[in-house]
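Here is how the chains run, residue by residue.
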Amino acid sequence: MRSTLKFAVPLAVAALALGACGTKGGETPAAGGSGGASQAACDQKIGMFGALTGPNANLGIYIQNGVNLALDDYNKKNPNCKVTLENYDSQGDPTQAPALAKKAIDDKKVVGIVGPAFSGESKAADPAFNEAGLVTITPSATNPALADNGWKTFFRALGNDATQGPAAAKYIKDTVKSTKTYVIDDASEYGKGLADIVRKDLGAQVVGNDTIQQKQTDFSASVTKVTSSGADALFFGGYSPEAAPLIKQLRDAGWKGTFVVADGVKDQSFIDNAKDAAEGTIITCPCVPPDVAPDFQAAYKAKYNEDPNTYSGEGYDSATILLDGIAAGKDRENMVDFVKSYDKKGVTKQLKFDPKGESADIKVFAYKVDGGKIVSEGEIK
Amino acid sequence: MLLKVNGLCVNYGRIEAIRDISFTVEEGEIVTLIGANGAGKTTTMKTVSGLRPVRAGTVVFDGQDITHLPSHERPVLGISQSPEGRGCFVGMTVMENLEMGTYARPDRKSKAVKDDLARVFELFPRLKERSNQAAGSMSGGEQQMLAMGRALMAKPKLLLLDEPSMGLAPKLIQQIFDIVTEINSQGTTVLLVEQNAAQALKRSHRAYILETGEIVREGTGKELANDPSVKAAYLGGDV
Amino acid sequence: MSTAATARPQDSGPGFRERVDNLPTAAKILLWALFAVFLFLLPLLNIPFITTEGSDFGGVLFTVATYVLVALGLNIVVGYAGLLDLGYVGFYAIGAYTVGVLSAEHGKLSWVVVVPLAIVAAMISGVILGAPTLRVRGDYLAIVTLGFGEIVRLTLVNLEYLGGAQGISNIPKPPGLELFEVPSIDWSSGAPVVDLDTTSTFLKFGINDFVPYYWLALVVIGLVLLFDILVKDSRVGRAWEATREDEDAAELMGVPTFRFKLLAFALGAAIGGLSGALFATKSGFINPQSFELLLSILFLAAVVVGGAGNRWGVIVGAIVVSYFPERFREFADFRVLVFGLALMLLAIFRPQGLLPPRRTVRAKRADDRQAVLEEGEASV
Amino acid sequence: MQFLIDNFAALTVTGLTLGAIYALVALGYTLVYGVLRLINFAHSEVFMYGTFAALWVVMLLGGRPGAGVGPVVFWVAMMFVAAMAVSGLIAVLLERVAYRPLRKRNAPPLIALISAIGASFVLAEIMGLRSRIVAWVGLEENLRDYVRNSRNNAGMPTIISPQPIFTVGGYNVTNVDIFVIIGAIVLMVVLDQFVKRSRLGRGIRAVAMDPEAAALMGVNRDRVIQVTFLVGGVMAGAAAAFYMLKIGITRYDAGFILGVKAFTAAVLGGIGNLRGALVGGFVLGLAENYGSALVGSQWKDVVAFVLLILILLFRPTGLLGESLGKARA
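Residue numbers (my numbering), protein chains in the order written: chain A, 1 to 381; chain B, 1 to 239; chain C, 1 to 380; chain D, 1 to 329.
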């Protein structure tokens, strides 16, 4: 604890300004530190860090739903010693992230964080979490470089883009059997990173590249490029808001090739919006199909009246790891080691991390849009 | 009594433009307001046509209190103004400008409009020649005629003319005043604001002299034209 | 501040400023010093109600401080020179990226060198944008500057050299002096208690404590304010006022209006760049997402809401625009909606801004006089 | 470059389609600027509400792909009616709430911009929060399809599937392309004639040129302003319906970028000039497409803005100059 006693001028002024002032801290060590005592762990919290409001809120809410489900399970088992969830709503904005991280760090009852949900905000907030020793398990930020920063508190409960990209490329080559592939990205960190890996892996069979912008809605130039290239498959690195109008306009222009996208598009809204144009779209995702864990699927459906969505399962797993830690009497300081040595089967995969904090058990699955539903095509091996 | 202005005060922000002005215009008259630069003539005119809000006093037209009536409702009652300077719609043709004059007329679709147009073209033959030309491309005198013609198209009971002779060649000035007299003789009452005092007094039945926002003299046109002090102050040399 | 907000300069009674002006110099200095100390200690006092619950107060205060700085800069452009700039975020981004590129992405220059370079870079870009476009009429300038802001952002997204969408990480911190620790105040028991557990190290620029960055920003704001006061009261300030009120007349009087407009643009850009540099320093990570067009609009809203042309007004405006959304995080999804409503209500009920410049009243009177004269002129 | 030459026809036709939509939205900016000298920042939201009106009416009427000519004509007609009505209404409402109170108080023009920005936020957020609002009112069950994922895209069934009609330079021009381009031009001509020939249209022009002289002619300025907003809104509504036919997907923030583009088009052609809006829209649509082909789609917006800056440098009042109102220089 940093309770060094160094009275200085500012304190005196503060005291003057406030009149009667006592002091706190200094003599009492903060709660915890000893570990093990279950009473001490009783009012602990876990944090949920991500976009819960604003334009990017969907993803955050899917995760939050999973986290809440895990909390319900825990609190049902421990009715006398409930854990609460603290939300840090970043709106997915890296600018807001550091101050929120600090808030979480200052709340000594928070023993672990599920999140940050996006890669950008992770870069802004994770250095602070690392310095404070507050463990973070992200259920959705897939930028590969995040694990290379040497953050000892960083854990990722799913495969990153570096594993998903090659799988997507493999699927395009082996299953789609494309010979002429066009690659488009949305210039975002996620989309471009992924598309670049696919470009590299596909090599000479890439017949053309284009970059669009997020929030763009008219893709006429890109459509002309794709159709005139004679491509039989298109890989798009990006998110569903752009993927839906893109494939719609391509189909309207009469393009018949296979549309391949990644987890950023794995979202029912893609199908709702692209309608018939979405049919046959291949979606790769390092996320496990809901039917792999039927119990979780049933519980989720009972609570939220819909199937688990993208990263709901990862959110559930991430929270479960932290809750297991709390059950084992861990506090903030020894939670990092607990997560590091964690090895249990979760609803999405075997939950185990490598030394960099990456998930050790990574599977990438292919999904297909069929009859207005996202159905699993099995693991890409 | 067609127009009765009583105790009128108008401000621009904190500055008093006119103070406690009262005057009347009888049906069939030509009445002129004369005054130096900044005396408040144009402000008075704009107040009568409703472009300036009144701080105190009343304006009664044809027996109806119009002090706070919005300006765009006054043409319907029969007040029409030819604004000072270039008040024409420069982007419209001459014909379109004249048609704008009938904007507020309830009978704008009737044959009466055609007759009025003929009358305006008779008064201002130049406008007929140029009827398809853009107003902005005409000379200052022609624009002045257009503004008057446009005001007449509203078939007003009271025609407000603000500086009709401004910036015109002497020959044209004579012509304009002839036309004003002609319009009046055809039955339209005219309230005139003029800086060309000699001509205006000669043509008008009565006149008021404004100084720094107040009326200082009134009388018939002839009286004032022959008054030595008025002569010295406003008539200067000769026209 | 709040007293000032309610003072109405148009009223004849002594306003807040007059009352302060009438105090003896010593009292004035003491008052200012006390106020400054209060501002410095604000993040540590944790005053209930003022302190943001949902986010770290030090971090929020730093954000508020950057907005204040931006508002001061934009005020020179919009308030003093009367140029509508909808792309101010471009300069903010240029400042931030100069720091990022030169100290992390492609160079290892120290913070002390990089910040002046950021100011210069923003200033130069202001001149480059201003020189061809300031001859364009006011309303067109709005869209041209808006376009500039977007060009800057899209360039950042699409140029790998500038980090692309990934942005720039690990921007080094300024050199610090770890002198002593300042404790904060805890109010959880209802009464203020000095909390020795939560402290800020004086001038340690770490990643987990934003208070020193806030202090740094406060000092910078002080300097910029001083600069602002000097410039505004100089010949330059009067030239701006003349240009804004009537450009043609100013030109006739011999004011080279174009040069002064360009100067305003450059100075405004420089302050925007400085603000961006501070932002990059504190967050340590920047990406194009932080420089969206919407930010330009918020900046402009800060200036206009506060009262364009009054430096104290725009400071209040900046606080309103940046603090309230953080303070009322519990509105969550409704924050933007409420903010929009607030803007509309302010525009309707306080059209001159919260703190209108004293000039507005004077200028209004001059306008009235001119209106009378113009009508008179017609009868010459 | 080779790509641009090879696909010139395709890029031109799709550019014109997009340009037509820009042009229709640009009219709203130009009309309001003409009479009020202010940038109606919230016009983009007027457009956005039109897209939702078009979408919802098609959903309500059970629009689906592959229907016969009769139903399709009916759906399309209803789309336009709904979008134009809703956009027109929103525009008039906007004027009432955000602008008229300011005008009555003689607020400085900059403050009108702030009010417009505020109104723009409010309008967009109401749409973005529609699921919450509907839940409050308790209509969640009935309106679920209309409010689902209110922060997300909302897509419309393709009621006219694009069919090639004829081929130009290797590009199959589709029925949708033709409909959008011809439709937009027809609407522009109608508007042009309305402003030129009708009494109210003349009133609009008169107020734009000289508000005081217009008042002296009996033109009610408030009414003219209201009509101006209405007409601009109706045109934006038509643009929204075309947009939904072509793009088919909208979102609560879909107006912003399109609004910026349309405003750029208005300035490009010469703000205040109706024909300028048409020319500006088409030039912008083409430039974006050609530019995307030459330097990559990611530079599309940069191309648009650089073009704007260049044109303003050499023709400071836009391509066709300002014509709706010249009087108040």
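Honestly, the hints are just simulated from the structure, not real lab data. Cβ atoms here follow ideal geometry from the backbone N, Cα and C, with glycine treated the same way. Treat the hints with care, since some could be wrong.
Said to hold, decoys possible - Calculated pairs, DSBU-like style, for lysine-lysine (alpha carbon to alpha carbon, straight line, at most 30 Å): (1) B:K4 - D:K196; (2) A:K200 - A:K76; (3) A:K275 - A:K180; (4) A:K108 - C:K204; (5) A:K152 - C:K108.
To be verified - Partial pick of chain D residues on the chain A-facing surface, computed with a CB cut under 10 Å: (6) P101; (7) A135; (8) S161; (9) F166; (10) N172; (11) K246.
Taking the hints in turn, this is what the structure says about them:
1. B:K4 - D:K196: violated (39 Å)
2. A:K200 - A:K76: violated (49 Å)
3. A:K275 - A:K180: Distance of about 26 Å is within 30 Å: holds.
4. A:K108 - C:K204: This hinted pair holds, its Cα atoms lying about 22 Å apart.
5. A:K152 - C:K108: holds (25 Å)
6. P101: violated (30 Å)
7. A135: violated (14 Å)
8. S161: holds (7 Å)
9. F166: F166 of chain D check fails; min Cβ-Cβ to chain A is 15 Å, beyond 10 Å.
10. N172: Holds: closest Cβ of chain A sits about 7 Å from N172 of chain D, inside 10 Å.
11. K246: holds (8 Å)
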